[in-house]
Amino acid sequence: MDQAQIRQTAGRLIALRAELLSRYPFFGRLLLRLSFGFAECETAYTDMSRIVFDPAFASKLEDEQLSFVILHELMHCVLKHCTRGEGKLHLLYNIACDIVVNSILLEALDISGIKIAGESAMHLTPKGEEGRLYSAEEVYEMLIKEGGKDFPEIYGASSFDRHDIWVRIAADSIMEDVWDKYTKAAAGGTGAGSGIPESLRRVVAAAEHKPKISWRQVLHDYIRHNRGDYVFSPPDRRYSGEFILPSFQENVSGEEVDNIWYVIDTSGSVRPHEIAEAFEEIKDAIEQPGTVEGFVSFFDCEITEPIAFGKVEDIDKMIPVGGGGTSFHVIFEYLAAHMKEKLPRVIVIITDGCASFPDEAKALGVPVIWLIVNSGKKPPFGETVYIRTE
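Position one of the sequence shown corresponds to residue 1 (the numbering used here), numbered consecutively onward.
Calculated from the structure, these hints are not laboratory results.
Think of the CB as a built atom: it goes at the ideal place given N, C-alpha and C, for glycine as much as any other residue.
Honestly, I wouldn't trust all of these hints.
[Said to hold, decoys possible] Taking CB as the label site, the calculated pair distances span:
id	residue 1	residue 2	range
1	Tyr-386	Gln-5	55 to 63 Å
2	Phe-357	Ala-337	18 to 26 Å
3	Lys-342	Glu-313	20 to 28 Å
4	Lys-145	Ala-15	40 to 48 Å
5	Gly-188	Asp-359	38 to 46 Å
6	Cys-354	Ser-35	46 to 54 Å
7	Gly-268	Glu-129	25 to 33 Å
8	Gln-5	Val-178	27 to 35 Å
9	Glu-119	Gly-365	56 to 64 Å
10	Ile-6	Phe-295	50 to 58 Å
[Unchecked claim] Think about it this way: if two alpha-carbon atoms lie no more than 30 Å apart in a straight line, the pair counts; the simulated DSSO-like pairs of lysine-lysine are:
id	residue 1	residue 2
11	Lys-377	Lys-340
12	Lys-127	Lys-88
13	Lys-340	Lys-317
14	Lys-88	Lys-181
15	Lys-342	Lys-317
Given the sequences, and given the hints that come with them, work out the whole structure.
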């Protein structure tokens, strides 16, 4: 390699990293965790320790383009793409990762698109939606379903980075833990309003999160006190006549909890990191017992229609809606108007508790668990659990 070209490229990379640290502190602090390297690799790549450039490739890029590629490689590390492709069709997985990363960066940099080496950075899923709304695994499944093995020909392989090095570091849990720590430190060091993209807030929350409550215990206690070993609906069909006999539950071990309605406060008094924490608590609840299924709604002075979930990936797709005042009454008004035919088994309300509480009768006999975030408010009914995110 041309040594003069290497020195010139190194100088540009260091200068661009300093500029990114100034303009985008979250990204800049993370970039300080990576060293720059050089190789005749045609484009660029990362191994989660370095970002490696081919100097000849870097010399063809303007500063804006080179900065984008630097951040592109960084985001593969933050999202741990390098370790998560084992068992997948590599080319399709590579495309999925690039769609997600590029979409996040376009949002973060507030640009609609960019061309690198003559190629427009792909950022839309096969459904035409922004990749940042999904994980790489979810986009990968879309590619398989929508186009199968033909999608590489439709999308084309990326011309501005390569991922083949990733097969050597697959399933490296140590590097995943390291990057979780780096992400947590970068978020903590940049402070509120530091420009962390909205699409990355859940990634940051996941890296920072430790369960604040024992979901296994909360749900176990709920099941123990609120589920019998028999029900009258549906009745036992082995018998008929004027007697209605109960049918016994097939699973009363506490390993299955369905039809939970989570209601998340998204009013103006609830801060973004508290909403992100609420998502993490729901994900912990899903992962700890054997089966947890239900619905999520968001509320301020209005409430959204419930969105079904059955796995963690369903939660990751959800986008909070709200920002106005707070009314707990809208929850129970919705319950009475739309859920009487099939009441939830339990309502979990995640809130700071800063609003007037309704009468217990409004719950229609449904057990209510209040998760009160960062306050000492005491609801007049239901079970109360306090969690702190500060």
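We went through each hint and held it up to the structure:
With their beta carbons about 60 Å apart, Tyr-386 and Gln-5 fall inside the hinted range of 55 to 63 Å. Roughly 19 Å separates the CB atoms of Phe-357 and Ala-337, a value that falls within the hinted 18 to 26 Å. Distance hint for Lys-342 and Glu-313: a CB-CB separation of about 24 Å, consistent with the stated range 20 to 28 Å. At roughly 44 Å, the beta-carbon separation of Lys-145 and Ala-15 lies within the given 40 to 48 Å, and the hint holds.
A hinted range of 38 to 46 Å for the beta carbons of Gly-188 and Asp-359 is consistent with their spacing of about 42 Å. Roughly 47 Å separates the CB atoms of Cys-354 and Ser-35, a value that falls within the hinted 46 to 54 Å. One distance hint, 25 to 33 Å for the beta-carbon pair Gly-268 and Glu-129, holds here, with the actual separation near 28 Å. At about 32 Å, the beta-carbon gap between Gln-5 and Val-178 stays in the expected band of 27 to 35 Å.
Distance hint for Glu-119 and Gly-365: a CB-CB separation of about 60 Å, consistent with the stated range 56 to 64 Å. In this structure the hint that Ile-6 and Phe-295 lie 50 to 58 Å apart at CB holds, the actual value being about 56 Å. Only pairs whose Cα atoms come within 30 Å are accepted, and Lys-377 paired with Lys-340 is accepted, the gap being roughly 29 Å. At most 30 Å may separate the alpha-carbon atoms for a hinted pair to count; Lys-127 and Lys-88 meet this at roughly 21 Å.
Taking the CA atoms of Lys-340 and Lys-317, the gap is near 27 Å; set against the 30 Å cutoff, the hint holds. Distance restraint check for Lys-88 and Lys-181: the Cα-Cα separation of roughly 27 Å lies within the 30 Å cut-off, and the hinted pair is therefore satisfied. A hinted pair counts as satisfied when its Cα atoms are at most 30 Å apart, and Lys-342 with Lys-317 qualifies at roughly 25 Å.
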